[in-house]
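Novice: The residues making up each chain are set out below.
2 protein chains.
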Amino acid sequence: MRIAQVAPLTEAVPPKFYGGTERVVAYLTDALVELGHEVTLFASGDSATKATLAPIWPRALRLDPSVHDFFAPIFMELETVARRAREFDVIHAHLDYFGYPLLRRLGVPSVTTLHGRLDLPELQPLYGLYGDIPVVSISDSQRAPLPQANYVATIHHGLPKGLLEKRGGEGGYLAFLGRISPEKAPDAAIRIAARSGLALKLAAKVDRVDQGYFGSRIEPLLSQSHVEFVGEIGEHQKSDFLGEAAALLFPIAWPEPFGLVMIEAMACGTPVIAFENGSVPEVLEHGVTGFIVRNEDEAVEAVAEIRSLDRNRIRAEFERRFTARQMANNYVALYRRLAEAQGTKIPP
Amino acid sequence: MRIAQVAPLTEAVPPKFYGGTERVVAYLTDALVELGHEVTLFASGDSATKATLAPIWPRALRLDPSVHDFFAPIFMELETVARRAREFDVIHAHLDYFGYPLLRRLGVPSVTTLHGRLDLPELQPLYGLYGDIPVVSISDSQRAPLPQANYVATIHHGLPKGLLEKRGGEGGYLAFLGRISPEKAPDAAIRIAARSGLALKLAAKVDRVDQGYFGSRIEPLLSQSHVEFVGEIGEHQKSDFLGEAAALLFPIAWPEPFGLVMIEAMACGTPVIAFENGSVPEVLEHGVTGFIVRNEDEAVEAVAEIRSLDRNRIRAEFERRFTARQMANNYVALYRRLAEAQGTKIPP
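Residue numbers (the working numbering), protein chains in the order written: chain L, -10 to 337; chain A, -10 to 337.
Bound conformation, chain L alone:
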């Protein structure tokens, strides 16, 4: 198939640092190419891809100090995609609702993956107008606040099979990996580790909006002897950081739409102790790939039982359910379904 992937421009595809959406787009795009499809990736010019790159802006917007208005490049992207629409069998956008008014009028099958939370009040009236636009949820639970959207599939994220390596958890510490923000609850992780008598390593970035929270609520906790704050880590450090941990703590305080770090841990053979929220029950299997808990007491109990889980089995579950190839196969099946519904003829 001739597939257009339309990525955000905030980060490169894949991102140089943090950036969940653009990472998933990168994994999907490369996996589609590996499956033999002809893929064009609309993205920032510093992206690296196995597909044909259609660069919209020279650099990722977040790293380009010359850009004052982040929306102008997005509107260049929309126009560029629209002009080339007929070159594709399907257009797959990752621009949230920004593509909707245009995509529906191009006469080419299109679909949008929703990467974020759907509980913003503005989305209720918005989807009153866009209730027919085909969208993909990244977990079933993500749909809850916005049932009226036209979900054509839930497709879980996946990682390239060889991206991260299985390790044995020899470090014996608990790991926290993500943004420092109230909804990720690093303070809960610090308390759980303290009560478990284990060290906690936090690998985390602090966004500008979260610096107040970090300074007032988290920084004072970092001086405790069991806590090590290692800052932001890159992809190449994740196998070590996650794989040598006894478990990943994921004590989220919000309805996480997917939670990529859970499958990163699984790829390293590392069990996940996660609060029952959002996508967690869809991603984790309680007692197999980790423990799903409801509070800090249960999390402490789970830490005590963590050695009962089989790290080989956890890695095997990752390979069974969460590789980029599986994600790509799921999307290809969806693309075909959308093209057939629209009566478009596509090559096998």
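Simulated from the structure, these hints should not be mistaken for laboratory data. Watch out, some of these pointers could steer you wrong.
Pairwise CB distance ranges, derived in the manner of DEER restraints [as the list claims (entries may be wrong)]:
hint: 1; chain 1: L; residue 1: Ala142; chain 2: A; residue 2: Thr143; range: 27 to 37 Å
hint: 2; chain 1: A; residue 1: Gly117; chain 2: L; residue 2: Glu271; range: 37 to 47 Å
hint: 3; chain 1: A; residue 1: Arg73; chain 2: L; residue 2: Glu271; range: 19 to 29 Å
hint: 4; chain 1: L; residue 1: Gly105; chain 2: A; residue 2: Arg73; range: 51 to 61 Å
hint: 5; chain 1: A; residue 1: Ala322; chain 2: L; residue 2: Gly25; range: 53 to 63 Å
Every residue, glycine too, gets a C-beta built ideally from N, C-alpha and C.
For this one, chain L is given, so just place chain A on it according to the hints.
Specialist: Here is chain A on its own, set in the frame of chain L:
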């Protein structure tokens, strides 16, 4: 003609407080109705208009604390306009480039008035893609940084003839009216008034982004005995505030795209002493409606000569060039030209 006016949603049309774009849209819309046209105004639901209101969001976004994402309502507006496009002979948008990818694909003549500055670097590549989109500049000088856009007219703003009243300048003070921001240079106004030995009244709002500038650079100057800071004023106070002033000081430090306050002063019969920048030489006639100066020395000299100008003549120049009816007539001529170019048949 059947005309769609597509307004921003940040402020009501007209705005409850400050807001240049939405005010001009309000004046234009009402004047088009008065000329006998069938006008539909897409705007926030708290707008007040002689046209048929198509409310997109219940309240102006800036005054609606329930709104987190200002763009979702705009994308509701785009879709709503697109669905109704065939009801109109022309669609006139005031959404900057947000309408471009969609408007060009609706098969209905459309035009966008550019209300802001055009020197942002992102606009250069943006207009590489959108160089054929018909746009209206609000002054000729506004075009300078972006000559490659498809300007189909310059149409100056206008005010309803009866909105403001001519007064005699009996207050004898100098007036400053606008935002407190470095480009409006209220500090220059304070210095010019001091050197002229006249009182200065500043009627100004302070945006959140300008609060640092206000606190550090302007607030310390307000304790001088010749300065009176009166805060933000409403429409009904302008005839008094401007009309009782000996002159309006407009010592701008940026290429003002239009400068509505200049024609507000003229409507009150009040001369304007303005720095030669942006639209100023197009709006003012030196020695007739005010003085165009290059620095503070020349501004002080101009204040000394201000009584040589005829306030009746200034009001007459306003009525000759800057009423909302003239603005509306100019737009109607443009709409007809666009419709003819597209081969659309429209009623006379």
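Novice: Decide, hint by hint, whether the structure agrees.
Specialist: Hint-by-hint comparison with the structure:
The given range of 27 to 37 Å is broken by L/Ala142 and A/Thr143, whose C-beta atoms sit roughly 51 Å from each other. Checking the proposed 37 to 47 Å range against A/Gly117 and L/Glu271 shows it holds: the Cβ atoms sit about 44 Å from each other. Between A/Arg73 and L/Glu271, the C-beta spacing of about 41 Å breaks the proposed range 19 to 29 Å. Distance hint for L/Gly105 and A/Arg73: a CB-CB separation of about 30 Å, inconsistent with the stated range 51 to 61 Å.
Between A/Ala322 and L/Gly25 the Cβ separation comes to about 57 Å, which falls inside the hinted range of 53 to 63 Å.
In summary, the structure is inconsistent with hints 1, 3 and 4 from the numbered list given earlier, while agreeing with the others.
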